[in-house]
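In the order they appear, the protein sequences are chains A and B.
Residue 5 is where the first sequence starts when you use the working numbering, and the numbers rise one by one after that.
Residue 400 is where the second sequence starts when you use the working numbering, and the numbers rise one by one after that.
It should be emphasised that the hints constitute simulated quantities derived from the structure, not laboratory data.
Hints may contain errors.
[Said to hold, decoys possible] With a straight-line cut-off of 20 Å between C-alpha atoms, the simulated EDC-like cross-links for lysine to aspartate or glutamate are: (1) B:658 with B:534; (2) B:641 with A:142; (3) B:594 with A:142.
Quick caveat: nothing in here was measured; it's all calculated off a predicted structure.
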Amino acid sequence: MVRSFITYPFQFFFFVLVQVLVLNNMQFSSMINPYLYIIFLLWLPIETPKWFLLAVAFVLGIAVDMFTNTMGMHASACIFLAFCRPFILGLMAPRDGYEPNQKPGIKDFGIAWFVTYATILTLLHHLFLFYVEVFRFENFFSTLARVFASTLFTLVLIVISQYFRYNAEDRS
Amino acid sequence: MRNLIRFINKYSFFFLFLIFEALAFYLLFRHNHFQQAAFLNSTNVLAGGLYSQYSELTDYLKLKEVNDNLSQENKRLRSSKQKAFHKLYGPNYLIDDTLYKRQYLYTKAKVINNSVNKQNNYLTLSVGSLNGVKEGMGVLSPNGIAGVVNQVSQHYSTVLSVLHSRAKISVKLAHTNYFGSLQWNGENHQMGELKDIPNHVSIKVGDTVLSSGYSATFPADLVVATIESFEKIEGENFYKIKVLFTSDFKNLSQVYVVKNIRKSEQIELEEKTEEKDG
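Throw the hints in and build the complete structure from the sequences for me.
This is the structure we're talking about:
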């Protein structure tokens, strides 16, 4: 419990930095913009209070916005993700409900569960973000294509980071 | 009353979501529509400082292209210098310096953050109000136009790149002087769209597009782009033209901020005229 007071703030800064310094500079094409930082919201423990989730999502979004000059854009998409998370977790709950201290990850629920969970939330976040970014429905399908391409890429990064995380936890 | 409280209590999560979302959209719209000095962007000390540290590191990787671009520019400047021209009329001729008065001042600036893959791209420069940079000044790259200064803090400034959905650059065709506006459609960082060229004008692939200088932001006659392809659309008065930018937005490192000394004079006069008419 005490440890999570250190690890979560550390992860927060780590993922914001990775996003703004590394991923925002990876310019494959205008099709693919991975947003790995949302993994921070996916990882928070299941019993995290809902209001706290919204507040953290807002701060996380603003932190990324500050670096990309898009004040409010990432924040609005993150809040939307935080709003959807409890419902998705509710839908995907095991028959006996969640046990205390479980974290939404591969270790506790298996890879199929985690990939489904991450896919739904990442897709929702990216849909919201990309349509707020263009703010019109003119090039509807080209935006949709960018949403799917980026979602796929973000997901690959999320699953890879999962394994890195367990490696780090096992060692400590 | 009790029912109301119970109702709010029951849906408190949803209401909290709405409040946060409203706050985010308030920030989004305020930031987009009024270019006030907002502190929450990359001109602040935290983000600007971090970006400039980071670009110290990554600049080494770009040195080759940057050198190429700069030597290209040197080549162009050298060949336009007086020494590069042969004197035709012997030693007797007069240069009257009072014919020329300085209109543009250039400030060298370093790009510390840049993107090309968003729909709305910005640059961050390591010069600010202490270097005399002001909102609305033009920014040139070594080979063309880079953008317009958007917000300024003491040591940093952000630039609305040409690769921004709201960027509109006033340009003209090199040999016919017909003017139009240069915009970006968000697809490819090398290609833009040239609008408002009437379709009775004769144009060719490869034609040069110059800055018009009408907006008083950029000097006139800078090479901005070349025509890549064009088509006439049935029933419309204007061409659909695709152009290739001469600036390499992916490789910006050194840029120049242009100050037009007579901008305020021009704008004042234009506004006065419009007021009188309207």
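### Query
Which earlier hints turn out false for this structure, listed by number in ascending order?
Per hint list: zero violations.
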